[in-house]
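Assemble the complex: chain C is given as a structure, and chains E, Z and D must be docked to it using the hints.
There are 4 protein chains.
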Amino acid sequence: MYNLLKGKKGIIFGALDSKSIAWKVAERAHEEGAKFVLTNAPVALRLGTISELAEKTGSQVIPADATSIMDLENLIDQAMKVLGGKIDFVLHSIGMSVNVRRGNHYTHQDYNFTKTGWDVSALSFHRVMSVLYAKNAMKEWGSIVALTYMAAQRVFPDYNDMADNKAYLESVARSFGYFFGRDKKVRVNTISQSPTATTAGSGVKGFDGFIAYAEKMSPLGNATALECADYTISLFSDLTKKVTLQNLFHDGGFSNMGISTAIMDDFMKDYENDNAEEPVEKSKK
Amino acid sequence: MYNLLKGKKGIIFGALDSKSIAWKVAERAHEEGAKFVLTNAPVALRLGTISELAEKTGSQVIPADATSIMDLENLIDQAMKVLGGKIDFVLHSIGMSVNVRRGNHYTHQDYNFTKTGWDVSALSFHRVMSVLYAKNAMKEWGSIVALTYMAAQRVFPDYNDMADNKAYLESVARSFGYFFGRDKKVRVNTISQSPTATTAGSGVKGFDGFIAYAEKMSPLGNATALECADYTISLFSDLTKKVTLQNLFHDGGFSNMGISTAIMDDFMKDYENDNAEEPVEKSKK
Amino acid sequence: MYNLLKGKKGIIFGALDSKSIAWKVAERAHEEGAKFVLTNAPVALRLGTISELAEKTGSQVIPADATSIMDLENLIDQAMKVLGGKIDFVLHSIGMSVNVRRGNHYTHQDYNFTKTGWDVSALSFHRVMSVLYAKNAMKEWGSIVALTYMAAQRVFPDYNDMADNKAYLESVARSFGYFFGRDKKVRVNTISQSPTATTAGSGVKGFDGFIAYAEKMSPLGNATALECADYTISLFSDLTKKVTLQNLFHDGGFSNMGISTAIMDDFMKDYENDNAEEPVEKSKK
Amino acid sequence: MYNLLKGKKGIIFGALDSKSIAWKVAERAHEEGAKFVLTNAPVALRLGTISELAEKTGSQVIPADATSIMDLENLIDQAMKVLGGKIDFVLHSIGMSVNVRRGNHYTHQDYNFTKTGWDVSALSFHRVMSVLYAKNAMKEWGSIVALTYMAAQRVFPDYNDMADNKAYLESVARSFGYFFGRDKKVRVNTISQSPTATTAGSGVKGFDGFIAYAEKMSPLGNATALECADYTISLFSDLTKKVTLQNLFHDGGFSNMGISTAIMDDFMKDYENDNAEEPVEKSKK
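If you're matching them up, the sequences are chains C, E, Z and D in order.
According to the working numbering, the first sequence is numbered sequentially starting from 430.
According to the working numbering, the second sequence is numbered sequentially starting from 430.
According to the working numbering, the third sequence is numbered sequentially starting from 430.
According to the working numbering, the fourth sequence is numbered sequentially starting from 430.
One chain only, chain C, in its complex shape (with noise of 0.2 Å):
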């Protein structure tokens, strides 16, 4: 729509299918002008629907694994061969917990599954960086960006060990983003998405219920997945060159919210049922 991307190259992890955050990234760098590679770890490109978008956007899709060094060497020197020289810009959208697939409570962790989710979720983000620092492959001015949460900040008790693993992941953009601003020249930032109702997220308990109290909290209203590829595009685009290391929060004001009128009154409904004067026959006894 604006040409913001004109000319620009990108690798995008984390397209499952069309709901995905990353697809939505992905149909809009392509509208501004980006050229990209599609990637995601083997078995989620045959559980969703990468070839439609890759067909769409043109781009080539490249498996990889995000927990392998080798996958990862792999999909960056075949990024550049495809795209024809160094990335501008690269999304992590990549996110999974063990823990809550299989129902454990965040008290009663299966460590194992603990140590899974935060290599695929968090040092992933790491190893990912780690490969494009090595190799020199970012462009000079170029973007990186990585989805998180807010239970990074704060306490969401269905979100388990996701929690944690977001803060190290958001741990990871300050501390990379460091050397490869310094010595690249290269922004890292992550973006805290209000909830969205993907197809990941779709598994959680009382997943919808929770979207629609934040939405009640939230001035502006929750963000869709399309307004945060939007937001985006704005932090690959050259308009946010200088930012850098910071941890952005994209969901229609809920994080700096202590409470909302509309979710107060809800709550006083019910405080003022609870608490009103017994009727007379009650208290007759």
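Just so you know, these hints were derived from the structure itself, not from any lab.
Among these hints, one or two may not hold up.
Said to hold, decoys possible - With a straight-line Cα cutoff of 20 Å, these simulated SDA-like cross-link-like pairs (lysine to any residue) come out: (1) C:544 - D:498; (2) C:645 - Z:695; (3) E:485 - E:500; (4) Z:614 - D:645; (5) D:645 - E:586; (6) C:435 - E:461.
Note that the structure is a prediction, hence the values are computed from the model and not measured.
Using the frame of chain C, we list chains E, Z and D on its own:
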């Protein structure tokens, strides 16, 4: 360059001369297809060179003292008349400390000056939004941005009472931003910019040294006024519709640095010199 | 109970009646072996029952309007005379919004009231420290504490302009705390306390409902006034000598909650009711 | 000194030798009337001098590898037996990065080392709490504290992957703290301590220079290990019952400094030298 603000209407406060961030924002907004009015206090209009900017961007200048509700009401009425409709974006770039100008130490302020500085630098932002809100002058999904500085979060001793004013300003952004979001679908954010060599800033003692320090601390170096304008454009554009109540650091990463290797190396040189063993001749005395 | 403040001398601002946090701090400081003077604005002295507290704790009451430098100078001179030396600890527990009292909406303030509220609630803290600093009235490793509320960071719509005042107050704590630390070895912190059912707070519409909400959100429940006094004692004691420039949440964990299961369960009950399938009879229509 | 922990029972992890913060905490807890067991990994027990501390404080040493659930189960069973009841306080002071030890750069880690460091430094805190929670071993209103460092929030390049480990640790404190608070009335916090010259820290290149830098930046100077112990005692005591989920900076104010005049003066000396006009002789060449 991208037509990001095509058809959008705005009000830009605080362009004094070509070094001003607000001046750069006006130039960039013009390039992006926006129409806007320029405004500043009558005294600033006389001191500066705003008519040059007005001519260059085809804008009208409407004087307004941001501490006067009547001036602001007139400004907004005129702006809507001149621009032919509601306002899409507003930039608040106003700040002034009389205590700093007079050389009063932070611990020994003249509280009349403190009040004036707070009134001009911080309360003015509430006033601007109050008039926009009451007149229902903002278009849905419009964007209001104020410029701020990290002294609102951390101590920079020479920033004096402007630190406290900026903390108030950022709080107003959140507090008013809630109502503006909920009731009018308008977003309100602040940009916390690198120290910038504007005419307003140049009076501060040792300011160029401090800029050099920030440059060495920031992985990407300081953000310039033009880069700040680019970032502001992204916040006025439709790419950031769900970003609200945020204080957004635009500083090359300074805000999340504990220490950089460049600053540490400088420090260590001095430290090692100071702690070197005394030479024999000296210790003989 | 522990003799934590044995031999220490203090000034306590803001004890109105036995519900006041400052009142509880005075009682606890007395139990811990401190001597102190009590102070409040003349009007508050008349409205409250401070003489009872003075008697109970063997303290003298010295009236002072915290917006008057002359009153504060007199207070501090008198306090040092009465107590026989420099001051070890100071509690600032002062806050008042005329806009709240008069029922003005946040978006439509009377700015004279806004100024008065800011002057009384926020600038007063600067004034108190300014006089203590100028008179060199604080003992080395002394402790200054002001009470604040989380509305300084996040939106609580009914808190009105007190949110912005508290943001300013917390900034003053940092800004002045730097000079007080560097020059006098005195620490300055703010305690961000749970909503507390004091006489001052009881006027706010729906305040008891909000207290119930905060209780349900906080893993340990709300902190009481007495618990706040205990915490304040710890900050006046020698156990916390190197804690400074901090805003310390004392709130049963509220500040780091995204949502609690208790609040979510309440919300889900309503949500499921509202989203339940319509009964057959209804859908027949 | 104050009997603050009279009758309280605790477990202290991580006392290696007399420089350790945990060692000082043990000494101070003993002075305050607590009984506790000491624990550390078998290898640390051999390297250190913990038996001296055990003797001095009348404590028993129970070896436990904090990465082993079985060891922790045994530890907690034994501790309750030895101390005669449930636990009132726990100190987690465990941290180790193999990448740092081996001199791997942050951008080029050995991920097996990364995993080990994360497991020992961060996940261990989850394990400890998990066993305490499952065994219902904490007394109501008990207190759990872990030591951390500000590299979790801001970049300190030499802190390497410990930065990310500490971010994870702090997140675990919040996430688990919610459940521990809600279900057991136990509080969980982290103390973010000044750089401290312990045996564990002394290996880091340039660490003494960094300590000197932090000293100059902090208005009250760095916090010592003994001061940290004092602060920890306050968090174990009944004065802080409603403080939970917090990360508490104990650092002489460093965390909220942008720059100190002392650091700025140092920087300016170099800056002015580097930018001085060249002397005539030199410019003649």
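Taking the hints in turn, this is what the structure says about them:
1. With a CA separation close to 15 Å, the supplied pair residue 544 of chain C and residue 498 of chain D stays within the 20 Å bound.
2. For the hint pairing residue 645 of chain C with residue 695 of chain Z, the CA-to-CA distance comes to about 14 Å; that is within 20 Å, so the pair holds.
3. Straight-line distance between C-alpha atoms of residue 485 of chain E and residue 500 of chain E comes to about 25 Å, which puts the hinted pair past the 20 Å bound.
4. For the proposed pair residue 614 of chain Z and residue 645 of chain D, the alpha carbon gap of about 14 Å is at most 20 Å, so the pair holds.
5. For the proposed pair residue 645 of chain D and residue 586 of chain E, the alpha carbon gap of about 14 Å is at most 20 Å, so the pair holds.
6. Annotation: proposed proximity of residue 435 of chain C to residue 461 of chain E holds, straight-line Cα distance about 16 Å (limit 20 Å).
In summary, the one numbered hint that this structure violates is 3.
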